[in-house]
Amino acid sequence: MTDFFNALTLLGNFLIIPGLTYGSQLALGALGVTLVYGVLRFSNFGHGETMAFGAMVTILVTWGFQSLGLSIQPLPTALLAIPVGILATVILTLLIDRFVYRYHRERKANPVIFLIVSIGVMFFLGGLIRFIIGPGDQIFFDGTRFILKAREFKQMTGLNEGLSLKMTQAVTIITAVIIVAAMFWFLNHTRTGKSMRAYSDNENLALLSGINPDRVVLITWILVAALATIAGTLYGLDKSFKPFVYMQLLLPIFASAIVGGVGNPIGAIAGGYVIAFSELILTFAYKKVVLYLGPDNMELESLVQFLGTDYKIAVSFIILVIVLIIRPTGLFSGKTI
Amino acid sequence: MTALYQQYRNQILFSLMAGLLILVALIQSLSVSLTILNLCLISAIMALGVNIQWGYAGLFNVGVMGFAALGGLAGVLISMPPVSDAWQAGGLGILLGLVITIGTVVTCLFAWSRIQHLRRQRYWIIAVIIISGYALLRIFFDPGADAVESINPSVTGYLGGLGLPILVAWPVGALFAAGIAFVIGKVALGLRSDYLAIATLGISEIIIFFIKNEEWLTRGVKNVNGLSRPVPYEIDLQQAQWFQDWAMAIGMPVDDASAVFVKVCYALLFIAVIGILLWLSETALKSPWGRMMRAIRDNETAAAAMGKDVTWQHLRVFVLGSAVIGLAGAMLTTLDGQFTPVGYNPLRFTFLIWVMVIIGGSGNNWGAVLGGFFIWFFWIEAEPIGLWLIDALTSGMDPQSAVRAHLLEGAAHMRLMTVGIILLLTLRYAPEGLIPEKKRL
Numbered sequence: 002m003t004d005f006f007n008a009l010t011l012l013g014n015f016l017i018i019p020g021l022t023y024g025s026q027l028a029l030g031a032l033g034v035t036l037v038y039g040v041l042r043f044s045n046f047g048h049g050e051t052m053a054f055g056a057m058v059t060i061l062v063t064w065g066f067q068s069l070g071l072s073i074q075p076l077p078t079a080l081l082a083i084p085v086g087i088l089a090t091v092i093l094t095l096l097i098d099r100f101v102y103r104y105h106r107e108r109k110a111n112p113v114i115f116l117i118v119s120i121g122v123m124f125f126l127g128g129l130i131r132f133i134i135g136p137g138d139q140i141f142f143d144g145t146r147f148i149l150k151a152r153e154f155k156q157m158t159g160l161n162e163g164l165s166l167k168m169t170q171a172v173t174i175i176t177a178v179i180i181v182a183a184m185f186w187f188l189n190h191t192r193t194g195k196s197m198r199a200y201s202d203n204e205n206l207a208l209l210s211g212i213n214p215d216r217v218v219l220i221t222w223i224l225v226a227a228l229a230t231i232a233g234t235l236y237g238l239d240k241s242f243k244p245f246v247y248m249q250l251l252l253p254i255f256a257s258a259i260v261g262g263v264g265n266p267i268g269a270i271a272g273g274y275v276i277a278f279s280e281l282i283l284t285f286a287y288k289k290v291v292l293y294l295g296p297d298n299m300e301l302e303s304l305v306q307f308l309g310t311d312y313k314i315a316v317s318f319i320i321l322v323i324v325l326i327i328r329p330t331g332l333f334s335g336k337t338i
Numbered sequence: 007m008t009a010l011y012q013q014y015r016n017q018i019l020f021s022l023m024a025g026l027l028i029l030v031a032l033i034q035s036l037s038v039s040l041t042i043l044n045l046c047l048i049s050a051i052m053a054l055g056v057n058i059q060w061g062y063a064g065l066f067n068v069g070v071m072g073f074a075a076l077g078g079l080a081g082v083l084i085s086m087p088p089v090s091d092a093w094q095a096g097g098l099g100i101l102l103g104l105v106i107t108i109g110t111v112v113t114c115l116f117a118w119s120r121i122q123h124l125r126r127q128r129y130w131i132i133a134v135i136i137i138s139g140y141a142l143l144r145i146f147f148d149p150g151a152d153a154v155e156s157i158n159p160s161v162t163g164y165l166g167g168l169g170l171p172i173l174v175a176w177p178v179g180a181l182f183a184a185g186i187a188f189v190i191g192k193v194a195l196g197l198r199s200d201y202l203a204i205a206t207l208g209i210s211e212i213i214i215f216f217i218k219n220e221e222w223l224t225r226g227v228k229n230v231n232g233l234s235r236p237v238p239y240e241i242d243l244q245q246a247q248w249f250q251d252w253a254m255a256i257g258m259p260v261d262d263a264s265a266v267f268v269k270v271c272y273a274l275l276f277i278a279v280i281g282i283l284l285w286l287s288e289t290a291l292k293s294p295w296g297r298m299m300r301a302i303r304d305n306e307t308a309a310a311a312m313g314k315d316v317t318w319q320h321l322r323v324f325v326l327g328s329a330v331i332g333l334a335g336a337m338l339t340t341l342d343g344q345f346t347p348v349g350y351n352p353l354r355f356t357f358l359i360w361v362m363v364i365i366g367g368s369g370n371n372w373g374a375v376l377g378g379f380f381i382w383f384f385w386i387e388a389e390p391i392g393l394w395l396i397d398a399l400t401s402g403m404d405p406q407s408a409v410r411a412h413l414l415e416g417a418a419h420m421r422l423m424t425v426g427i428i429l430l431l432t433l434r435y436a437p438e439g440l441i442p443e444k445k446r447l
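Heads up: the sequence lines are chains A and B, in that order.
Counting along the first sequence from 1, when you hit position 117 you're at 118 in the working numbering, and nothing is skipped either side.
Counting along the second sequence from 1, when you hit position 93 you're at 99 in the working numbering, and nothing is skipped either side.
Don't take each hint at face value.
Label pairs and their computed distance ranges (CB to CB) [said to hold, decoys possible]:
| no. | chain 1 | residue 1 | chain 2 | residue 2 | range |
| --- | --- | --- | --- | --- | --- |
| 1 | A | Gln249 | B | Lys192 | 20 to 30 Å |
| 2 | A | Leu76 | B | Leu98 | 52 to 62 Å |
| 3 | A | Arg103 | B | Leu353 | 19 to 29 Å |
| 4 | B | Leu399 | A | Thr145 | 37 to 47 Å |
Source of the hints: derived by calculation from the structure; they are not laboratory data.
Every residue gets a Cβ at the ideal spot worked out from N, C-alpha and C, and that includes glycine.
Just need the whole structure built from these sequences, with the hints factored in.
Below you can see the structure in the form of structure tokens.
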């Protein structure tokens, strides 16, 4: 029986908790991509950089707070700085919309043109971020590092394997749950949210019913900026902040959005977890788990791994390509915002 | 004035470009200018490839990086000498792996054509075939690959190539890219434009991942150095009597003269390639085939109604464009003399090429070439220009000031911002680019 719990702890520590954390980060990112797609109808290649921008402002404010001696121990100070980050990102996205996207929207440009425009925005923001904070790694985490340490867990339960829970992991998962719940409440139960859904569903009908398109676009960008900042900051807290990484994150985020069905918020969240868990499940070495569960004197040469750890990120691309080819509408098709 | 510009626009723009390069030769050095020129030529070829796909057919391929890397891989596989120890150690396992892979794919295709009536189960059957094929592959292939990688890993650790002249790699690189493009096109071209973009972006990342991690084939992140050259080596030139005399005659130090000579040789080779490509693509564009492609691009439904096979033509043009990109990729590794998988990043190898096409003028081959020149020139020169500009602007400030130091440090990143702004401005104020597509009746 102990063996079973040891195996379970092992999976929990290396598969379930990291999967939930990474999945939450992807889900928040994918939610932003999906909102842009649902309301503004284009794939936003600039989303990764928007996340990086939000995280960057949050980091700068965090440093400011730290030097003032402000803190909310044991939680990281960055949580206190997020609202400022959101505000700055909202201003940024609204400015970009005003000076870049609006012109093309009024001319009813082709989605591909929007896509290329968003690549331009990506270049611009990428340069801006590197100009302000530099291309290097920034660590801005403070507060308590672990909620549950592996050693304490071992002492508590008497198992061989330890289970640890980092503060950043707990913060990420809890924040994601709160944000997602708030988001759904907003979309389903408020007048503005309903008008957004109507606009996304059928633009002409929405216009006929007197919904103000400018307001819908405005609210969408505000939500997207908030989601991007939170997702970017949580990712930076958990791993570390490096501008280049956010561009690489763009593909797993697109993968999450598409796997769930672009334009569908539930799909985006489910897609995030699907991508995160498939990456981990396919590249996890099951050797120890098998040893615990197998007969006592079993010996095992191989690592019992489906794919080398090097291929971790590639898994998300492979899933993306397979879904695009077999079922381009995604797993939760047929329902938009 | 504008009429005159309209009439001689191409000549004016290309002379302007030549003037910029000459300016660099005068201010910095001839060698720098020629380095930029060579990379401009390669970028122009990549832009030509993208233009064939986007400008002729409206296909949105964001996988440029992957095709360029495949071309580069051809450079390694053709020109490096074979490593016979590695072949002996693991060649059999790797060949078996190849056979198993091909066998699995063929079985899948065969099974797929036979089980169409099974609806849902067919996916499971295919999945079972793939998983068992993969398991077999791991059993036979892994020991072979490990054996190859363990042979003298600091110098070789891979199978090596065929030991042929590197010029052979250029058409082979094009073939590699074309082959993969055919497979990708077969499965992905049915997708809507923005999905095609994301799919190709994903596939190009997978290609790079493969190249980085399959060390038995590519040495992965350990890079392959010392590829052979189609032009003489500087050191040989410096020792040759005729070259020393020639350098003396033009009054240049022998070291500098040899570097310049090598770069000029490369430039001439590249110019020959770009000339042939331009002639071919211009002829294609004027031919009935070009007319049909434009018809398909502008209105797919109408073209289909006229009996044109849209899917097949899309596939053809996708393969052709990718082949051109693969060719450019092989030329790039030839010029570098090394293959560095880590160097492939989408910003530089995919999105920048796209910016070249959009700014040059999509649908116009000369435009793509000019875009390749201008943007690459800017990409390289933005840093010195930005540094100089910020230095000049902040010269009034205290030299010790932190703000000034930060600004100078950030100048290197100005080019990302500049390219972004140029792209956004072009899309808004001159969506047709520098050299617009010719209006044809």
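Here's how the hints hold up against the structure:
no.: 1; hint: A/Gln249 <-> B/Lys192: 20 to 30 Å; result: holds, 28 Å
no.: 2; hint: A/Leu76 <-> B/Leu98: 52 to 62 Å; result: holds, 59 Å
no.: 3; hint: A/Arg103 <-> B/Leu353: 19 to 29 Å; result: holds, 26 Å
no.: 4; hint: B/Leu399 <-> A/Thr145: 37 to 47 Å; result: holds, 45 Å
The earlier numbered hints are all upheld by this structure, with none contradicted.
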